[in-house]
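Position chain B against the provided structure of chain A, taking the given hints into account.
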Amino acid sequence: MSAILISFYILSTITLASAFLTIYSRNPIHSAIYLVICMVSIVGHYLMFNAQFLAMVQLIVYAGAIMVLFLFTIMLMNLNREDEVHKPRITRLGAITVFILMSVVLVTVFINSKTIMGEYDVSGEDFQSIKTLGKVLLNDYMVPFEFASILLLVAMIGVVLLSKKEKIEKK
Amino acid sequence: MNNILNEIGIENYIFLSVLLFCIGVFGVLYRRNAIIVFMSIEIMLNAVNLLFVAFSTFHQDAEGQIFVFFSMAVAAAEVAVGLAILVSVFRNLGSIDIANLKNLKG
Chain A
1 MSAILISFYI LSTITLASAF LTIYSRNPIH SAIYLVICMV SIVGHYLMFN
51 AQFLAMVQLI VYAGAIMVLF LFTIMLMNLN REDEVHKPRI TRLGAITVFI
101 LMSVVLVTVF INSKTIMGEY DVSGEDFQSI KTLGKVLLND YMVPFEFASI
151 LLLVAMIGVV LLSKKEKIEK K
Chain B
172 MNNILNEIGI ENYIFLSVLL FCIGVFGVLY RRNAIIVFMS IEIMLNAVNL
222 LFVAFSTFHQ DAEGQIFVFF SMAVAAAEVA VGLAILVSVF RNLGSIDIAN
272 LKNLKG
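Just so you know, the sequences run in chain order A and B.
Using my numbering, the first residue of the first sequence is number 1, and each one after it goes up by one.
Using my numbering, the first residue of the second sequence is number 172, and each one after it goes up by one.
Next comes chain A alone, as it looks inside the complex:
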């Protein structure tokens, strides 16, 4: 076994285990911390692909901004209690059944898909450095890029409006 394969297995174990612990742990703050670990291990996967731009963006946006937002909301609502009641047993059994069936079906579907996808060949040309990605993003995908900024602006205005404290006029 090569070093790359071993590091892939270690990273995958961390990813899956922390994703599972996110769902399993009772305290929402622990869940958020486990989710940070999951995101950082996915950064490790991106770095193994040599996708530098996405690794940085994942680290800044997911592990930084989004998780800070989650933690901030949890602490703002004072939710770090462990008194969440479970769903009814039949629902939990159904969830476990769906999980097992979906994993088995999707894995067995993809086990035999190697012949359809064909073989992987290295062309050797640079396709994912930050320089190349920037050129593709700002030449071919200029309009979607601008729409992404509009989307973020609209989301920002919407969030400010939603979370503003309204004065309810009592009749």
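In case anyone wonders, no lab produced these hints; they're calculated from the structure.
Some clues are possibly wrong.
As the list claims (entries may be wrong) - Footprint (simulated), chain B over chain A, 3 or more residues, beta carbon under 8 angstroms:
1) 24-37
2) 148-160
Unchecked claim - Sample of chain A residues facing chain B (criterion: CB under 7 angstroms; computed from the structure):
3) S7
4) F8
5) A19
6) L54
7) V61
8) L69
9) V107
10) F127
Note that the structure is a prediction, hence the values are computed from the model and not measured.
Glycine is no exception: its CB is placed at the ideal position from the N, C-alpha and C atoms.
For chain B alone, kept in the frame of chain A given last:
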């Protein structure tokens, strides 16, 4: 590092993404806390992003990574709006148990 898919194989990444996505689905179905449900949705989005990057390397094409970039922008907007909705739900109902949201009919 260009021969990473020769060493590992695209199918290992497919299995990893499938399992991660299933864990996300399981979290949405299993938990009642709305914040954990949001976190599960993030896990699902990340599973799909990981598969996009794997196939972007497989085909030696940058467009998969561009798509991941846009999906991250949409995820950021979605999380911000969703958490704002949760804050206002919490302010009105005093809890974020998703079972409370069945009052929303009509």
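Cross-check of the supplied hints:
1. 24-37: Coverage by chain B holds for the segment 24-37 of chain A (4 residues, Cβ < 8 angstroms).
2. 148-160: holds (count 8)
3. S7: violated, 10 angstroms
4. F8: Constraint on F8 (chain A) satisfied, holds at 5 angstroms.
5. A19: With a closest approach of 5 angstroms, the A19 (chain A) hint holds.
6. L54: Holds: closest Cβ of chain B sits about 6 angstroms from L54 (chain A), inside 7 angstroms.
7. V61: Holds. Min distance 5 angstroms.
8. L69: holds, 6 angstroms
9. V107: holds, 6 angstroms
10. F127: For F127 (chain A), the interface hint holds, since the closest Cβ of chain B sits about 5 angstroms away, which is under 7 angstroms.
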